[in-house]
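Going line by line, the protein sequences match chains A and B. If you read the first sequence in our numbering, its first letter stands for residue 39, the second for the next number, and so on. If you read the second sequence in our numbering, its first letter stands for residue 3, the second for the next number, and so on.
Heads up, some of the hints might be wrong.
Selected chain B positions facing chain A (in silico; Cβ < 8 Å) [what the hints assert, rightly or not]: (1) F85; (2) N91; (3) H95.
For the record, the hints were derived by calculation from the structure and aren't laboratory data. Even for Gly, the Cβ is constructed at its ideal location relative to N, Cα and C.
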Amino acid sequence: MSPETKPRTLLAEVFWNLLLGLGMLLGIWFVFHAIKYNWHWESLWKWRWLILRGWGATVVVSALALIVSVPLGLLLMFGQRSRWIPVRLACRGCVELVRGTPLLVLLLIGYYGVANALGIAKPWLPGVCLLALFHSSYLSEIFRGAWESIGASQLEAARAVGFNQQQTWRFVIFPQAFRRALPGTAGQMVSLIKDSSLLSVIGVEELTQMVRAANAQAYTALEGFIPLAVLYILLTIPLSWWTRRIEERYKFET
Amino acid sequence: MHIQVSQLVKRYGSHVALDGASFEVPADVDCLVLLGASGSGKSTLLRVLGSLLTPDSGSIHINGTALGWTDEAMLRQRRGNGFVFQSFNLFPHLSAEENVALPLREVHDINARVALHQAHETLEKFGLAEHVKKRPAEMSGGQQQRVALARAIAPKPGLLLLDEPTSALDPVMTQEVLDLILRLAEDGQRTVLSTHEITFARKVADWVVFLDHGVVVESAPASQFFDQPGTDLARHFLESLTRYR
Ligand SMILES: Nc1ncnc2c1ncn2[C@@H]1O[C@H](COP(=O)(O)OP(=O)(O)OP(=O)(O)O)[C@@H](O)[C@H]1O
Ligand SMILES: [Mg+2]
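Bound-form chain B, shown alone (with noise of 0.2 Å):
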C-alpha cells in the first residue's frame, strides 16, 4: 500500500492539530503505525488518512490515486475503509449480529440473508458465537471492541483503521483484541494503526510515522525506528513508554 502524504494541514478552530505533515510509506508495507504523545495529531491523522475529516490544505495519494474531498468522494473512499475507536462506537440499538450485518445490507447491497450469515461468520471468527443477540450494553468492553472489529473487518475493507483501539480496556481484554489484530495483520489486511502499546506496535508494525505537535518527525521501516530512533524526541518517547515495562 503506497501512501503518500504532502503538507497535511488540518486546524479545528485556530487550534492546529496537524501542522504541514508530509510522510511516505512504500508499496510493501502492509501495517502502518502512528506513535506520538499524546495530542500529537495520532488520530487526526488516521481520520483524514481514513477520509472522515476534510483536511485543510495538502494532499494525499493512495497508490498513486489522489484523495478527492468533496463529500460524495469521501462517502466512496470511506465505504472503502473500516474504521474501529477507541469507544467502541457500537450502535447502542442494535444487537451484535444487526451492527455487523446492517451496514453490509445498506451500504455494500448484500440481501439481507448473506448479510447476516456473513455476520454470523465474523463474529464466530472473533470468538463471538454466543453473544451474537446482545446488545452493546450486554457485553464487556472486550467483547463491544471485538465486535466493532467486526463490524470493520466484515465488509473485507481496503484499509482498516485503528485508532488506540485498547486504551479504553483492561489488561486481559487489551490481550483478546490485539491478538485479533495481530491475526488480521498477518492474514495481509492492510491496517492503519495508532497506539500507546508500544510493545505490540514493535510486534505488528511493517512501517512507523511518529508525529509530534502536528508534524511527522520519523517516517521509517519498523524495525529501524524502534531499534535506532533517528532523532531524541523519538528516543525519549520510546524510553519513557518501555521504562516500566
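Chain A on its own, in the form it takes in the complex (with noise of 0.2 Å):
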C-alpha cells in the first residue's frame, strides 16, 4: 500500500510553492551577493531574440525527439522480445551498446561520422535522431520492466476469461504496463530535454548555446546563465506535473 495522498487544496498547494520558490530566491540572491557579482542585464537584454529563439529550437527539437523516441523505444522492447533470433540480438545489442555509451560521444561520432558520411550537413535532424535513438534505448528498459512486472496469473485470468491474444494485450497487458511505466517514462522526458544542450557540441542553435553566444556578444557571463536555467524549467516541470496528473488517474493498487 502506498501512503494515502490526502485530498490538498488548490490553494494550500500554491501558497507552499510560492513559500518554497520564495526560499530558493533567497539562497540564489544570497549566493551572488557573497560573490559580489557586478550585474549587466542592459546589455543582454538587447540579445533576448537571440535566446529566445534558442528557446524555440530546443522546444522543437526535443518535442521531435520525443515523438520518436516512444515508438523507438516500444519497437526496441518488442524486438527484445522477438521470436526470431537475430531480431532479438541486434535489439539488445543496440540498446546496450547506446545505454554504454555517453550522449556525447553517440552525438560525436553519429554526426561528424555517420552523418557526414551519409551527406547530412545540417546538424538538427542527426541530432534529432541520435538524442532519440539514445532516450529510446531508455525507454525499452522502461517498457520492457513494465511489461514483465505483469504477473503470469494476470495472464493466465486473461485466458480464463475467454480474451484472444489482441485482447489480452488491449484490456490487461496495456492498461496496466502504462500505468506502472509512467513515472519511468516521466523523468526520462524530462532528461530529454535536458540532454538537449548537449546538441550544441554539434552546431545546434538550440538554448544553451544561444546563451553561449549572447553572453559572448554582450560581455556577460552569469546573466546568460539565470534565464538559461529558468527556461529549462519552464520546461520541465510542466512536464512533470502533467505526468503526475496523469499518474494520479491512473491510480490503483496491484
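Given two chains presented individually in distinct reference frames, assemble the corresponding complex, making use of the accompanying hints.
Shown next, in the form of C-alpha cells:
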C-alpha cells in the first residue's frame, strides 16, 4: 500500500509553492551577494531574441525527439522480445551499446562520422535522431520492465475469461503496463529535454548554444545562465506536473 | 455432464504433474470434486479440463465430444467455461462492475448497456450491490472472490471450474464464498471444484476424484467415497483432514 495522499486544496498547494520559490530566490540572492557579482542585465537584454530563438529550437528539437523516442522505444522492446533470434540480438545489442555510450560521444560519432558519410550537413536532423535513439533505448528498458512486471496470474485470468491475444494485450497488459511505465517515462522525458543542451556540440542552435553566443556578444556571464536555467525549468516542471496528473488518474493498487 | 478422461499426462519440464490420469464421471453428476494432497495434480487436472492447459498426451471427452488442443479449439472451449482461482485474479485496474462486464462485452458480444445490467444483476445477487464501483484493492478478500465468482458465472458458463476458491480466505470470508457456491450448485450449475474444505466437499459433491502423484486413485460417487473409501490412501487422507474438525 502506498501512503494515502490527502486531498490538498489548490490554495494550500499554491501557498507552499510560493513559499518554497521565495526561499529559493533568497538562497540565490545570497549566493550572488556573497560573490559580489556586478550585474549587467541591460547589455544582455539586447540579445533577448537570440536567446528566445534558441529556446524555440530547444522546444522543437525536444518535442520531435520525444515523439520519435516513444515508438522507437516500443519497437526496441518488442524487438528484444521477438521470436526471431537475429532481431532479438540486434535490438538487445543496440540497446546495450547505446546505453553504454555517453550521449556526447554518440553525438560526435553520429554527426561527424555517420551523418557526414551520408552527406547530411544540417546538424539538427541527426541531432534529433541521436537524441531520440539514446533515450529510446532507456525507454525500451522501462517499457520492458513494466510489461514483464505483469504476473503470470494476470495472463491466466485473461485467458480464463476467454480473451484472445489481442484482447489480452488491449484490456489487460497495456493498461497495467502503461501505468507502471509512466513514472519512469516521465523522468526519461525530462532527461531528454535537458540532454538536448548537448546538441550544441554539433552546432545545433538550441538554447544553451544561443545563451553562450549572447553572453559572448554582450560580455556577460551569469546574466545569461539564470534565464537559461529558468527556460529549461519552464519546460521540465510542467511536463512532470502533467505526468503526475496522469499517474493520479490511472492510480490503482496491485 | 458425462466426463471421460483417459491416460492424461502433463509434464512441467521433467516434473510429471499428471501421470496417466483416467476416470469417468456419469452424466447425472453436476458437481465433481477433486481431492488429493498438495501437489497431487488437482490444479493441473482442473486447468486441462477447462482448456487452460494443453496435456502432453491423453484425451478428454465431455458429453461425448473430444476436446481439441489447437489454440483456436482451446479458446472456443474456454469461452464456454468459467474459472475462479485461489488468488482471485481480478483485473486490478478495473472496478468490480467492469471486471464482470468487460468479458461479457468483448468475449460474448453482449452490447454495453445489457452487459453492465447483467454485471449489476449478478453482483447484486452475490451481495455486492454497494461495491460495484470499487477496485479490487478496495475490497476484502471475500468480496474480491465473490466478484471473481460473479465474473465467472455472468456469461452463464456450461462448466464452472473452481480451484481452491477459499484457501486464501479467513473462516468468515470462506463461509461467504462457500454459501454462494452451494447456492450455485443447488441451482444445477455444473461445477468442477478442487478444495481442501472436506466438510464442504461432502456437502456439494456428487462425485469425487481422488488424486495422488498425478494418478487417479479413486473415482466414486461422493457418498461412497466419504463413507467407505476404497483405498488406504484415501482413508488416510480423509482421516488426516478430519482429525481436528
Ligand atoms: N507451472 C509449473 N511449473 C513447474 N511445476 C509445476 C507448475 N505447476 C505445478 N507444478 C508442479 O506440478 C505438481 C502438481 O501441481 P498442482 O498445482 O496441480 O497440484 P495441486 O494438487 O493443485 O496442489 P495444491 O493442493 O498445493 O494446489 C506439483 O508438484 C507442482 O510443484
Ligand atoms: Mg492447486
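| Closest C-beta approach of F85 of chain B to chain A relative to 8 Å, hint status | 4 Å, holds
| said: Restraint: H95 of chain B near chain A, CB-CB cut 8 Å. Satisfied or not? | reply: This interface hint holds because 5 Å falls under the 8 Å limit.
| message | N91 of chain B was flagged as interface toward chain A. Is the shortest Cβ-Cβ separation under 8 Å? | response | For N91 of chain B, the interface hint holds, since the closest Cβ of chain A sits about 4 Å away, which is under 8 Å.
In this structure, every one of the numbered hints holds.
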